Amino acid sequence: MKGWLPSWVRPRAAIGLLAACVVLALVPIFNTAIYIHNLLTLTFVGIAAALAWNWLGGYLGQVSFGHAAMFGIGGFVAARVQLSLGMPMLLAWLVGALVAGAFSLVWGHPTLRLRGPYFSIATIGVGEATRLVCTYWDWFTGGSSGLSLPMKSGLKYELYWYGIVLAALALAASYALRRSPMGLSLLAIKSDVDAAGDVGVSPTRLQDLVLFLSGATMGICGSFYASFFSYIEPGDMFGFDRSISWVLMGVIGGIGTIFGPALGAIIFVFVKENLIASYPQLYLGLYGTLLVLVILFEPLGLTGLFLRLVRRARPDLSVTGMAAED
Amino acid sequence: MDRLVDLVIAAVLLAGLYATMAYGLGLIYGVLRIVNLNHGGMIMAGAYAAWYLHTALGLDPYLALLLVSVAAFFVGILTYRLLVRRLPRGAAGGVQSLLLLFGVWLILRNAAYLLFSGNDQTLRTTYSTRAIAIGNSLVSLNRIAVFGVAIVILIVLHLLLTRTYVGKAIRAVAQNPDSCTLVGIPVERIYALTFGLGTALAAAAGLLGATLFPFNPSFGAAELLKSFVVVVLGGLGSVAGTAIAALILATVEVFAILVIPAYLTAAVGFVLLVLVLVIRPGGLFGQRVLG
Amino acid sequence: MAAVLRAEGLSKRFGGLKANDDVSLSLQEGQILGLIGPNGAGKSTCFAMLAGSIPPTSGKIFVGDREVTGLPGFKVARAGVVRTHQIVRPFTNLTLLENCTVAAAQCSGHAEAGSRELAREMLQFVGLDKRRHEYPGGLTLAGRKKLEMARALSCMPRALLLDEVIAGVNPSEARDMVTLIRRIRDERKISILMTEHVMAAVMSLCEHVAVLEAGKLIASGSPREVVEDPAVVEAYLGKKHA
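First to last, the protein sequences are chains H, F and U.
At position 139 of the first sequence (counting the first as 1) the number is 139 in my numbering, and the numbers step up by one without a gap.
At position 150 of the second sequence (counting the first as 1) the number is 150 in my numbering, and the numbers step up by one without a gap.
At position 68 of the third sequence (counting the first as 1) the number is 68 in my numbering, and the numbers step up by one without a gap.
FYI, nobody ran anything at the bench for these hints, they're computed from the structure.
What you are looking at is a predicted structure, and each value in this text was computed from that prediction instead of being measured.
It cannot be assumed that every hint is accurate.
Unchecked claim - Among the chain H residues that face chain F by a calculated CB cut under 7 Å, a handful are:
| # | residue |
| --- | --- |
| 1 | L17 |
| 2 | L18 |
| 3 | A19 |
| 4 | C21 |
| 5 | L105 |
| 6 | V106 |
| 7 | P110 |
| 8 | T111 |
| 9 | S120 |
| 10 | A129 |
| 11 | L284 |
| 12 | G285 |
| 13 | L291 |
| 14 | V292 |
| 15 | I295 |
Stated by the list, open to error - Here are some chain U residues the structure puts well away from chain H; computed CB gaps all over 12 Å:
| # | residue |
| --- | --- |
| 16 | G15 |
| 17 | Q106 |
| 18 | V178 |
| 19 | E213 |
Glycine residues also receive a C-beta, built at the ideal position from the N, C-alpha and C atoms.
Could you build all of it, start to finish, from the sequences and the hints given here?
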């Protein structure tokens with residue numbers, strides 16, 4: 001087993017991921033509630049999207065408030081090529097991903113020169129500008145009435161397993177981006193981009209890579225979303241609220257950690273579902289409060305809390321990363 | 001030609017509002033090195049405060065200005081004392097303070113939604129539709145009033161910062177907080193005060209904006225970005241710089257109507273923002289002094 | 001034999017200010033070269049240009065036979081010239097070992113396991129091996145300066161550029177630093193260019209000294225020669241003492 005895995009992968013992690021996938025794949029045998037089935041599918045997309053956001057926001061430390069731009073572009077490109085060119089779904093997703101990834105490079109490459117808050121503010125601008133322009137671009141997005149994809153019977157149900165694959169790939173990528181040698185370089189860039197350059201780390205190449213991966217993954221998530229609902233409209237796909245949701249998932253779950261944002265996504269989707277009937281807007285205030293609490297008291301969010309508990313229970317278990325391999 | 005004059009007047013009047021709006025953001029950044037992401041939230045809060053006082057108590061917004069500003073001032077101080085103070089200052093706290101204040105904005109948004117519903121609101125006074133003639137153009141009375149108030153606010157600010165002890169202390173802290181403690185300036189108090197002042201300005205701008213435009217709880221993102229454009233273009237602190245930058249933004253926006261449909265004009269501001277941020281490399285918020 | 005690092009006619013303009021004016025110097029193989037001068041002489045600018053941190057307005061820089069003028073810092077580092085920083089800049093979110101591993105992996109092109117071993121070797125060299133799993137925040141200033149040196153060494157450079165490493169530490173730490181610098185040259189065969197204010201260190205370490213004043217190179221030679229050069233004395237102390 002160890003032979004064909006890169007040395008920085010812990011076999012336990014790979015096995016764990018595989019096991020989780022198998023278990024989830026079998027769940028529908030026992031669960032016949034369509035409502036929960038679909039909710040899980042949406043959760044898988046949410047996990048992938050939150051993780052993708054985290055690669056830029058957490059690993060590189062560049063918080064984006066405009067990631068809905070790539071989500072929307074991926075969704076509408078995929079919908080458009082399916083509608084106009086009759087492209088098969090998965091190919092359309094790929095095209096959506098590539099275009100979204102390219103778009104993130106276009107605005108992101110020059111903007112990443114900005115540090116911290118300035119980058120974040122610029123992303124608000126990018127997100128909103130993209131929303132407005134795309135809403136106006138009738139051919140691409142159908143204007144404010146949006147685009148409808150032909151309903152394929154059974155597709156929504158099948159997407160559950162596509163979702164598992166998507167989330168699993170995103171988790172694997174998260175793991176790789178962090179634990180591989182490249183992960184160290186990313187952390188170095190996050191800490192001090194100039195000093196990183198002084199020891200041979202090429203900042204632009206790595207940042208562009210993360211930017212592209214993050215944007216492309218967002219694009220796939222958007223495409224998935226379009227296929228799932230068979231209808232998308234620009235106000236929702238490109239919405240500021242949507243961009244905000246990934247910030248919340250990432251920060252509350254644990255910004256910069258490997259799994260934190262996935263945790264944030266799971267909680268976010270389930271809470272939103274439960275609140276949406278009774279108090280539709282309340283989730284914003286709730287998450288706003290959580291955000292404030294996380295920033296003030298536990299910068300690593302839920303993951304941080306979890307780690308604290310683990311440390312208290314097993315104080316000897318403090319050895320991670322390179323120390324463990326010594 | 002008449003149309004041109006109309007547009008120029010519109011741009012000038014709008015610039016007044018933008019300058020007031022931007023100054024609050026710039027003040028907080030200049031002194032505390034924090035980007036107040038709750039700026040949009042406070043603008044929205046100011047708008048709702050004005051609307052509520054008018055609808056419930058019949059209070060004219062321009063008369064309510066002082067009340068709303070003072071209330072916002074204390075809200076700002078409270079925000080600083082309870083929350084912002086706990087964060088590391090400067091680069092280290094950059095993203096954290098951003099997220100913290102963003103959280104506060106979300107809470108405010110939610111509160112507005114719960115209290116006032118998500119529908120668009122407008123502030124209509126008895127004189128809302130009145131207009132007066134300037135040359136060949138018919139100009140809304142509200143716009144002139146907003147402009148007038150904005151000018152007064154900016155002049156008062158300028159005088160405050162240059163002629164009073166507090167103002168000078170604020171400028172000193174903006175330059176070098178460590179030296180300030182050495183000469184006995186209560187830096188923490190100045191931080192709180194500045195945050196309060198910036199918040200009050202945002203709320204005032206919100207109140208003024210409410211007399212001109214419809215608003216809802218999601219109001220604020222566009223205003224935040226426009227404020228940012230003005231601050232980046234105009235440099236920090238100098239009232240003149242802010243005024244000129246506000247004029248540039250307002251002019252671009254107003255004249256863009258000639259070329260693109262109305263609701264896209266907001267996008268102009270956003271694109272301008274991204275362009276400005278990207279083209280001005282490195283030292284955007286240089287070590288400019290307030291004054 | 002080509003010099004390890006050579007600057008020809010380096011000039012740097014900042015707007016109207018000429019920070020460096022036609023500066024030429026060369027660092028020979030196995031040499032420790034000192035770059036000194038009064039405050040505002042342009043040492044930091046010259047240093048930054050040699051490291052690739054800022055591009056020169058005119059002039060050329062060579063590493064061995066290869067021209068590196070205007071290349072960004074990371075390419076200069078990979079070409080074999082690595083700098084430390086006057087105000088230390090460790091990667092605060094990485095352990096000491098990780099700090100050095102990044103450098104080893106990126107700069108010297110070592111494969112993954114190899115880079116960790118190299119990093120550990122460099123930490124041992126500066127005496128920080130025992131603390132390799134700690135974070136830079138827990139070190140003293142001298143410790144962090146040593147970390148920067150270990151990190152730079154992990155790049156396996158041909159030339160090491162030291163930016164005022166001695167200034168700011170106490171005398172016994174300073175003596176340690178001097179010994180360490182000498183060992184870097186003697187044991188690891190790395191050429192060193194150092195800017196420094198602490199004259200005692202310069203006198204004892206450097207075989208060759210270059211003096212800058214108001215952006216120009218005003219003297220170059222052995223420490224003894226330079227110290228007695230009237231132009232240098234005047235630069236530091238003013239006309240009366242020349």
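Just to be careful: measuring from the Cβ of H/T111 to every Cβ in chain F, is the smallest value less than 7 Å? holds, 6 Å
So, H/L18 near chain F? Judge it on the closest CB pair being under 7 Å. violated, 35 Å
Would you check whether H/L284 satisfies its interface hint, that is, whether its CB is within less than 7 Å of any CB in chain F? Nearest chain F Cβ about 5 Å off; hint holds.
Chain F contact restraint for H/C21 - C-beta distance below 7 Å: violated, 32 Å
Supplied contact hint for H/I295, tested at 7 Å Cβ to chain F: H/I295 check passes; min Cβ-Cβ to chain F is 4 Å, inside 7 Å.
H/V292 as chain F interface residue, shortest Cβ-Cβ below 7 Å: This interface hint holds because 4 Å falls under the 7 Å limit.
Does the CB of H/L17 sit less than 7 Å away from some CB of chain F? With a closest approach of 29 Å, the H/L17 hint is violated.
Per the CB criterion, is H/L291 less than 7 Å away from chain F? holds, 3 Å
Check the non-interface label on U/G15: least C-beta distance to chain H beyond 12 Å or not. The claim holds: U/G15 sits with its nearest Cβ about 21 Å from chain H, beyond 12 Å.
Any CB of chain F closer than 7 Å to the CB of H/G285? holds, 3 Å
So, H/V106 near chain F? Judge it on the closest CB pair being under 7 Å. violated, 11 Å
With a cut-off of 7 Å on the beta carbons, see whether H/L105 makes it to chain F. Violated, because the Cβ-Cβ distance from H/L105 to chain F comes to roughly 14 Å (cut-off 7 Å).
Hint compliance for this structure: hints 1, 2, 3, 4, 5, 6 and 17 are broken, all remaining hints hold.
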